[in-house]
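All chains, full assembly: derive it from the sequences and hints.
Chains as they are written, first to last, in this note's numbering: chain Y, 1417 to 1512; chain V, -7 to 476.
No wet-lab data here; the hints were simulated from the structure. Don't take each hint at face value.
What the hints assert, rightly or not - Pair by pair, the computed Cβ-Cβ distance ranges are:
#1 Y:Lys1491 - V:Lys327: 26 to 34 Å
#2 Y:Ile1489 - V:Arg81: 17 to 25 Å
#3 V:Glu268 - Y:His1426: 47 to 55 Å
#4 V:Asn106 - Y:Asp1448: 46 to 54 Å
#5 Y:Ser1456 - V:Ser357: 15 to 23 Å
#6 Y:Asn1501 - V:Glu53: 40 to 48 Å
Said to hold, decoys possible - Below are the DSS-like pairs computed for lysine-lysine, each with C-alpha atoms no more than 30 Å apart in a straight line:
#7 V:Lys404 - Y:Lys1429
#8 Y:Lys1487 - V:Lys105
#9 V:Lys31 - V:Lys366
#10 Y:Lys1422 - V:Lys87
#11 Y:Lys1445 - V:Lys141
#12 V:Lys103 - Y:Lys1480
#13 V:Lys87 - Y:Lys1429
#14 V:Lys376 - Y:Lys1455
#15 Y:Lys1455 - V:Lys381
#16 Y:Lys1455 - V:Lys346
#17 Y:Lys1505 - V:Lys346
#18 V:Lys404 - Y:Lys1421
#19 Y:Lys1429 - V:Lys366
#20 V:Lys327 - Y:Lys1491
#21 Y:Lys1429 - V:Lys346
#22 V:Lys229 - Y:Lys1480
#23 V:Lys376 - Y:Lys1422
#24 V:Lys366 - Y:Lys1422
#25 V:Lys404 - Y:Lys1422
Said to hold, decoys possible - To give an idea of the interface, some chain Y residues facing chain V are shown, with a C-beta separation under 10 Å as derived from the structure:
#26 His1426
#27 Leu1427
#28 Ala1428
#29 Ser1431
#30 Ala1442
#31 Asp1449
#32 Val1460
#33 Thr1462
#34 Ile1465
#35 Lys1479
#36 Asn1495
For every residue, glycine included, the Cβ atom is placed at its ideal position computed from N, Cα and C.
Residue strings, one per chain:
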Amino acid sequence: MTINKKTVEHLAKLSRLRFNDNELLAFTKSLDDIFEYAKSLQQVNTEGIEPSAHAIPLQNVFKKDEIITYKNIDKLFENAPDVENHSFKVPRILTN
Amino acid sequence: MNDILKLTAIEISEKYKKKELSCTEVTKAFLARTINTNKDLNSFVAICEETALTTAKTVDEKIARSQELKLLEGVPIAIKDNMCTSGVRTTCCSKILHNFIPSYDATVIEKIKNNNMPILGKTNMDEFAMGSSTETSFFGSTKNPWDTKTVPGGSSGGSAVAVSALQAPLALGSDTGGSIRQPASFCGIVGMKPTYGVVSRYGLIAFASSLDQIGPFSKNIDDSAALLSVISGHDSKDSTSQTQIDTNYTKLDSLKEIKIGLPKEFFANLDSKTKELYQNITNKLSNEGIILEETELPSLEQGISTYYIIAPAEASSNLARFDGVRYGYRNEQAKSLVDMMELSRSEGFGAEVKRRILIGTYVLSSGYYDAYYKKAQQVRTIMKNDFQKAFNNYDVLISPTTPTPPFAFGSKSNPLEMYMNDIMTIPANLAGIPALSMPCGTVNDLPMGLHLMGNLLEDKKLFSIAKRIETILGFNLQNPYWEK
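Have a look at this one:
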């Protein structure tokens, strides 16, 4: 077994997700299946092979460092769940 | 059945030029078909009647003034719901974006609008494009017009059904591991994933950025080539956009000698009926003077393992932005910021999306990075090299698009079993090469696709060979739903 319940609990915490016991069990099982299957990768000899982050070699793209003023600020907030004075409002961050 | 619906996109364009049809007439015909059949098929999650007809009116004014029309101008189109459309709800078929209205257009949408193509609506998909059946959509699954008890494939299932059920002559999808080609195969139509970077990803809600690519769905090869000509091109808003692209795919070449490779890894585990279908196809092509040879690309066998490490890794990072702060679903009861984020994400994402976030977080976490993520990236390099070697010898590689015909709803409840469906389509995304699926026959009265893979940036050659094959195979697109 590659993945256990404790691992999934830790991953959930890192991913900002919460699960009940049934969900934890189900994800543990499916992740374990998937990583058991993915073990086949270990058989491939990759000594000296460069990893590819992309399919095609990419070059950094530069643009001029210019300030472009965006005028329609209200529009940017239209999708926000809660707004105050052109700021995104969230529940309390620091607790007493 | 209105005969307009059966026309190809290019036939519609020709009829505008000859003033035999008006754009309003055509747009109304497809809108009526969509509205009448959507309750049954659930392929659209939004229908944009008013704006489509406004665009149609603009085109009709141009036709009346005998002004020259742009490529595909006035041909209606359906758009997958992961491409941002200004002012029109764009949800990725997820609860977490159920109320999201973009303030801008994706670059592909800008191009579609620039050519006055009426947008009929937004199509259903697997949540965040994660799935092969549309069963993970927050808005319910889409039905396959060939047999409504079977899935249409995914993730771009809604777009494939729109074309297959004659709701739209053209549609756009996105393909990260086969999400255009597999539903095209399941629905008996053409679907194409261009070379990575040929079409801008700006405004496409990201799933796995190094693999995602937008592409066309259509009734035939010519229509897909025309649509790619409209949507392709360098875009400074996408840093992975190709700079040197020939964006005219409409004048296809007629090739004297075509040499095709058959990767034996993709023909190994087919059942007897499927094997027989592809044997007949290779015989037909060979009789027409096309050279076919069996070849080996051993790394293809690692496609699923490689993909299901790399794609979730990128997804777990891309989907970190959905936190209930700036847009999308928020749990209103939470008392602290962390609670709000955890509850919003847990209630907003479906199970498959959560699974991929967990996989991605695992393979990127310290201690597992080298064993999984780096290893997968190295195998990705080997796969790219295998393809390059193959394309030194062959113009294209062919295989089935999927191992089986469309399957029944609920029949693949084990995630790994669902992932296996993408075994033949995934390698093209990992290598960035262009690939397409074209209808080639049926097994148990359900459509099967022929999958063609071409070399990097040889999208035009891929279309040219596909067109030659289309002429030889002559597939009849008509499915039982056309009579409804």
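A quick look at each hint next to the structure:
1. Y:Lys1491 - V:Lys327: 26 to 34 Å: holds (30 Å)
2. Y:Ile1489 - V:Arg81: 17 to 25 Å: Hint holds: Cβ distance 22 Å, inside 17 to 25 Å.
3. V:Glu268 - Y:His1426: 47 to 55 Å: Holds, since V:Glu268 and Y:His1426 (Cβ atoms, about 50 Å apart) stay within the stated range.
4. V:Asn106 - Y:Asp1448: 46 to 54 Å: holds (50 Å)
5. Y:Ser1456 - V:Ser357: 15 to 23 Å: holds (21 Å)
6. Y:Asn1501 - V:Glu53: 40 to 48 Å: holds (45 Å)
7. V:Lys404 - Y:Lys1429: Answer holds: V:Lys404 to Y:Lys1429 is near 29 Å, not above 30 Å.
8. Y:Lys1487 - V:Lys105: Distance ~23 Å between Y:Lys1487 and V:Lys105 Cα, so the pair holds.
9. V:Lys31 - V:Lys366: The hint is violated at about 46 Å.
10. Y:Lys1422 - V:Lys87: With a Cα-Cα distance of about 28 Å, the restraint between Y:Lys1422 and V:Lys87 holds, given a limit of 30 Å.
11. Y:Lys1445 - V:Lys141: holds (29 Å)
12. V:Lys103 - Y:Lys1480: The given pair, whose Cα atoms are some 25 Å apart, holds under the 30 Å limit.
13. V:Lys87 - Y:Lys1429: holds (21 Å)
14. V:Lys376 - Y:Lys1455: holds (21 Å)
15. Y:Lys1455 - V:Lys381: holds (26 Å)
16. Y:Lys1455 - V:Lys346: holds (22 Å)
17. Y:Lys1505 - V:Lys346: Within the cut-off at roughly 26 Å; holds.
18. V:Lys404 - Y:Lys1421: Judged against 30 Å, a Cα distance of about 24 Å means the pair holds.
19. Y:Lys1429 - V:Lys366: holds (23 Å)
20. V:Lys327 - Y:Lys1491: holds (27 Å)
21. Y:Lys1429 - V:Lys346: holds (12 Å)
22. V:Lys229 - Y:Lys1480: It holds: about 13 Å lies between the C-alpha atoms, which stays within 30 Å.
23. V:Lys376 - Y:Lys1422: violated (37 Å)
24. V:Lys366 - Y:Lys1422: holds (24 Å)
25. V:Lys404 - Y:Lys1422: holds (27 Å)
26. His1426: holds (8 Å)
27. Leu1427: Where the cut-off is 10 Å and the nearest Cβ of chain V is about 5 Å from Y:Leu1427, the hint holds.
28. Ala1428: holds (7 Å)
29. Ser1431: Holds, because the Cβ-Cβ distance from Y:Ser1431 to chain V comes to roughly 5 Å (cut-off 10 Å).
30. Ala1442: holds (8 Å)
31. Asp1449: OK, holds: Y:Asp1449 within 10 Å of chain V, min 5 Å.
32. Val1460: holds (5 Å)
33. Thr1462: Constraint on Y:Thr1462 satisfied, holds at 4 Å.
34. Ile1465: holds (4 Å)
35. Lys1479: holds (7 Å)
36. Asn1495: At about 4 Å, which falls below the 10 Å cut-off, the nearest Cβ of chain V leaves the hint on Y:Asn1495 intact, so it holds.
When held up to the earlier numbered hints, the structure conflicts with 9, 23 and fits the remainder.
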